[in-house]
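Asks: Here's the letter readout for the chains.
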Amino acid sequence: MSAVETDEPRVAAAPAEPVPGVAVADDEEEVGAPFLAQIWAVARKDLLLEARSRERLLSMGTFAVLVAVVFAFAVDPSIRARSIAGAMIWVTVLFAGTLGLGRSFALEREAEAITGVLLAPVDRGALFLGKWLANMVIVLAVEALIFPVFALFFTLSFQGSLPALAAVIVLATVGFMALGTLFGAVAANTRLGETLLPILLLPLLSPVVIFACAATQRLLVGRPVSDVVSQLKMLGAFDLVFLFVCAALFGAAVEE
Amino acid sequence: METTTPPRSPAQETRAAGGPAIDFGSLAGTRRAALVLGVIAAGLLLWALWMVFFYVPTEAEMGVVQRIFYVHVPSAWTAFMAFGIVALCGAGYLWLRDPKLDAIAVSAAELGLVFTTLVLITGPLWARLAWGAWWVWEPRLTLTLLLWFIYVGYFMVRGAAENPERGKRFAAILGVVGAIDIPLIHLSVQWWRSQHPKPVVMRPEGAQADPAILQTLFVSLFAFTFLFFSLLMLRYGMERLQQRVHALRAAPR
Chain W
1 MSAVETDEPR
11 VAAAPAEPVP
21 GVAVADDEEE
31 VGAPFLAQIW
41 AVARKDLLLE
51 ARSRERLLSM
61 GTFAVLVAVV
71 FAFAVDPSIR
81 ARSIAGAMIW
91 VTVLFAGTLG
101 LGRSFALERE
111 AEAITGVLLA
121 PVDRGALFLG
131 KWLANMVIVL
141 AVEALIFPVF
151 ALFFTLSFQG
161 SLPALAAVIV
171 LATVGFMALG
181 TLFGAVAANT
191 RLGETLLPIL
201 LLPLLSPVVI
211 FACAATQRLL
221 VGRPVSDVVS
231 QLKMLGAFDL
241 VFLFVCAALF
251 GAAVEE
Chain R
1 METTTPPRSP
11 AQETRAAGGP
21 AIDFGSLAGT
31 RRAALVLGVI
41 AAGLLLWALW
51 MVFFYVPTEA
61 EMGVVQRIFY
71 VHVPSAWTAF
81 MAFGIVALCG
91 AGYLWLRDPK
101 LDAIAVSAAE
111 LGLVFTTLVL
121 ITGPLWARLA
131 WGAWWVWEPR
141 LTLTLLLWFI
151 YVGYFMVRGA
161 AENPERGKRF
171 AAILGVVGAI
181 DIPLIHLSVQ
191 WWRSQHPKPV
201 VMRPEGAQAD
211 PAILQTLFVS
221 LFAFTFLFFS
231 LLMLRYGMER
241 LQQRVHALRA
251 APR
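Protein chains in written order, with my numbering: chain W, 1 to 256; chain R, 1 to 253.
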């Protein structure tokens, strides 16, 4: 890499020289692109990479289907799958999701690409939300596969509760990916790398898992939607807290 | 005539080396405070032990095993307080990057882990006799165990980071996010129908228990709180010395 190439992003990232007499507003305003456009730019980059390689979708999807098959071996046939399917599905989602999150920052790390990303004129909060959005899309796609596969293998029926189930899935994924994106960045920068991610993530995710499993299980046994409203509210509350806290802390996780 | 540079203090040396600015002030005050708190804690602990064994009446329903409550509850209280300190000092460290805040946070995290371990040992000892099982998968127990794992992760991420400064930042992040779990544990007893005994002191209707039980509990709570702060000061002093050693090692000779 020539010196000119390495210097280029630095120039772009350097704050504009304050012109005498012209009041300079916040740092954020100097950066240029509006916050939402920055988020989209980061998410688009990650999604384009994924659309071209499809490595995360394929590995997570294959892993999830295999876990469903392993559950079929592992669970005693006398147990009605319907009574434990909520837990089975969410454990599968957690493991498959964690697998994919590990790759989210591994790519950035492999070619030191993270340096370039950090030098780009993007707010740290926008960088987090962009990464989060891309991870959301990928994991939701995997969940769109996992739920029908489990329904097929274990003869589950979600009919009649599909909108409520969709709400549970989306809300749970919001919190999962908020924590996952933050700790994906943390784990990628340690010696243990992706091995550390589940150790950090699984205990912290307990509120999300508790409410998502409870709501899914209730919908699965045909309880009315009004029975899961309190779980949805709790998921929403934790999502807001996790998104805010994780976006605020993300800068400290990626800086050199 | 030879030009000589004036001798520089170790702090200046570190700063010249681009290392973190380390305050080389005296730690004698910290040690003295730790000693004073430790003496008070020892006295209170002896008093609490006397109360537990000779003063408080045996609880009618659970019998003598209930006396473990005077170790179990103060340990839990101390652990939660410790993790609160970890979260506050972690957030402060991320904001101000003051190594002192990190030293407090890591000391508190270690003590929190020790006291959570005490909770997780005394709880099953009581449960074996009261519930007939060492462990039940019940929200409060499960979440306390998860809390223990969160702070095991705190030390793993601290040690696994490629440079120590990063490790401190990562640990601070985990400390802040982990603290969100604490109110969940506290509220879990109210939210879910749970086997775990309901709070007897911190409850909306006010305390409800024999006055002798409450007195013993409060003496024990004070004793554990003083013990915690005494150990925290000692450990903090040690952490600061360690930071100095690292800074001096990093400085050029």
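Just so you know, these hints were derived from the structure itself, not from any lab.
We put the CB at the ideal spot given by N, CA and C, even for glycine.
Watch out, some of these pointers could steer you wrong.
[As the list claims (entries may be wrong)] One side of the interface only, derived from the structure: several residues of chain R facing chain W at Cβ under 7 Å: (1) Ala161; (2) Val177; (3) Arg235.
Asks: Confirm or reject each hint.
Replies: These are the hints, each one checked on the structure:
| no. | hint | verdict |
| --- | --- | --- |
| 1 | Ala161 | holds, 5 Å |
| 2 | Val177 | holds, 6 Å |
| 3 | Arg235 | violated, 24 Å |
Violated hints amount to a single one, hint 3; each of the other numbered hints is respected by the structure.
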